[in-house]
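Protein sequence lines correspond, in order, to chains A and B. For reference, each letter of the first sequence is one residue, going 1482 to 1739 in the numbering used here. For reference, each letter of the second sequence is one residue, going 5 to 265 in the numbering used here.
Rather than coming from a laboratory, the hints here were simulated on the basis of the structure. Remember, predicted model here, so these are calculated numbers, not experimental data. A few of these clues could be false.
[As the list claims (entries may be wrong)] Chain B residues, not near chain A, derived (Cβ > 10 Å throughout):
| # | residue |
| --- | --- |
| 1 | Leu-115 |
| 2 | Phe-157 |
| 3 | Leu-159 |
| 4 | Leu-170 |
| 5 | Leu-177 |
| 6 | Ile-239 |
| 7 | Leu-243 |
| 8 | Arg-255 |
| 9 | Trp-256 |
| 10 | Asp-258 |
[To be verified] Footprint (simulated), chain B over chain A, 3 or more residues, beta carbon under 8 Å:
| # | region |
| --- | --- |
| 11 | 1569–1582 |
| 12 | 1719–1727 |
Cβ coordinates follow ideal geometry from the N, Cα and C atoms, glycine included.
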Amino acid sequence: MRAEGGAGVTPLVTLRGVEKAFKSGTVALQNVDLDIRDGEFLSLLGPSGCGKSTVLRIVAGLTTISGGHVQWRGQPSLGFVFQEPTLAPWSDVFDNVWLPLRLNGVSRRDARAPVEEALANVGLTGFERAYPRELSGGMKMRVSIARALVLKPAVLLMDEPFAALDEITRAKLNDDLLSLRANLRTTIVFVTHSVYESVYLSTRICVMAPRPGRVVAEIAVDPSVVRDEEYRLGPYYADRAREASTALHAAMGASKCA
Amino acid sequence: MSRETIEDYLFPALMLVIAIAAWEAYVRLAHVPSFLLPAPSEVMTTLIQDWSTLFASLLITLMTTFEALLAAMIGGVALALIFHLWRPLERAFFPFAVILQVTPVISIAPLLLVYLSSGEAVLVCAFLVAFFPILSNTALGLASADHNLIDLFELYGASSWQQLRLLRMPAALPYFLGGLRIGGGLSLVGAIVAEIAAGSAGSGSGLAYRIVESGFRLNIPRMFAALFLISITGILIFLFFTALTYMLLHRWHDSMRARER
């Protein structure tokens, strides 16, 4: 049995009573409890301003918390994909993917194998010498994912990575992300404001409400169901989407604005 | 020859030829005396006749400009880095830099001539005007790295040296080159201005000094010849830095995008 979702197993990351207040006095997060479990695809779904990106940044250690605690089982090991591809424009694709290794003291020669592997995983073999400017939006995002994967992290954190892409590119990247996950068995935490994207990709969805940001509902999606075009058209998908949509509307209604 | 080539190169070249021809024709037809306005052909003859004197002066002006620019580049980048590493110093020093920048160099030149030899004063003037654009552009460039990339470097535990070397410096490069292009043109201006100030005091040897000297002697064709060499120098400096910028940025920077249609 794999540990996925299993009770009694220590989660990979545990957030308990996490609070985040900014200097301005704005409470971004209040009393957030969240587990990140081995092998799951967890989506944080919510309207803008609900603090879902802040949760991701907290897990990554990119921002401090004003209350509660964050516990990693073992050493933190993560890759981060931003909303923008965030590539160094002055470096070619190889050097961009090499970066995390380079910062850890790995030479260009020793980096060749892992970089090639990461690029193969995102379908960009042969683009090593291209500059970000020469790539399409979808390809840039693939480079960004390859860079996040090159250190083989336990968790891949993704902050609305496909929000800026067109629908067709987005659907393709969704499918590629799923097969990537099937191959690498990486745990993924995925921030999105799209109900459909979250239901299509996830094994679990945490719905968040704004002002102050908190988790208000949790929806499980059967991980054994194959995600393909048929899934997207079937009743199970429609039910989960309705469930998530209802929770999202309740979350937005619960706050004063909507 | 394509339509674009004609529009891009042939028309401007043609306009230049027409302008020079009109000048020549006016001087000849209206019998303008050469101590008022020499014809382009006479300027060229003077340039060839006085080549040894003028070329020696050109070398002196070029050397001054080059040395001043080199010093401004090293000083500007070093100070920008120090400012970046230690912010309080920036607050302490910036007013000085601004004062030096906003005070017209022509008003400082006579004062510098009191304290320094004319050669040194010219060098200092050229340095002063080139220094500020390089400093402020480089400082701006170092501060304008992508915030998400900074986060990424932090995520992977990059040292401050790694962040400077692999993120801040490449991000600052286009800004630095912009400063260098401005500074390159300005250091020539600074050198010329100081040479004129020095020339009025009766000493000097650069191109601008030749202009002042020729003016005293009413040798107007030689004034034009010296002026011509100064313009050429300015154009060459501009072309050099434009080529350098293209070489370093054309693969990746957006400012170069229009070049590949």
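These are the hints, each one checked on the structure:
Even its closest Cβ contact with chain A, about 43 Å, leaves Leu-115 (chain B) beyond 10 Å, as expected for a residue assigned away from the interface. Distance to chain A contradicts Phe-157 (chain B) as a non-interface residue, since its nearest Cβ pair spans about 7 Å, not more than 10 Å. Against the 10 Å criterion, Leu-159 (chain B) falls within the reach of chain A, whose nearest CB is about 6 Å from its own CB. Taking the minimum C-beta to C-beta distance to chain A, about 7 Å, the non-interface status of Leu-170 (chain B) is violated against the 10 Å cut.
Some Cβ of chain A comes within 10 Å of the Cβ of Leu-177 (chain B); the nearest lies about 7 Å off, and the non-interface call is violated. With a cut of 10 Å on Cβ distances, Ile-239 (chain B) stays outside the contact zone with chain A, its closest approach being about 29 Å. At roughly 24 Å, the least C-beta separation between Leu-243 (chain B) and chain A is larger than 10 Å, which holds for a residue marked as non-interface. With a cut of 10 Å on Cβ distances, Arg-255 (chain B) falls inside the contact zone with chain A, its closest approach being about 5 Å.
Trp-256 (chain B), annotated as away from the interface, has a beta carbon of chain A within 10 Å; the closest lies near 5 Å. A beta-carbon of chain A comes within 10 Å of the beta-carbon of Asp-258 (chain B); the shortest separation is about 7 Å. Residues of the region 1569–1582 of chain A with a Cβ under 8 Å from some Cβ of chain B number 6, which satisfies the need for three, so the listed coverage holds. For the region 1719–1727 of chain A, the assignment as covered by chain B is violated, since 0 residues bring a beta-carbon within under 8 Å of that chain's beta-carbons and 3 are needed.
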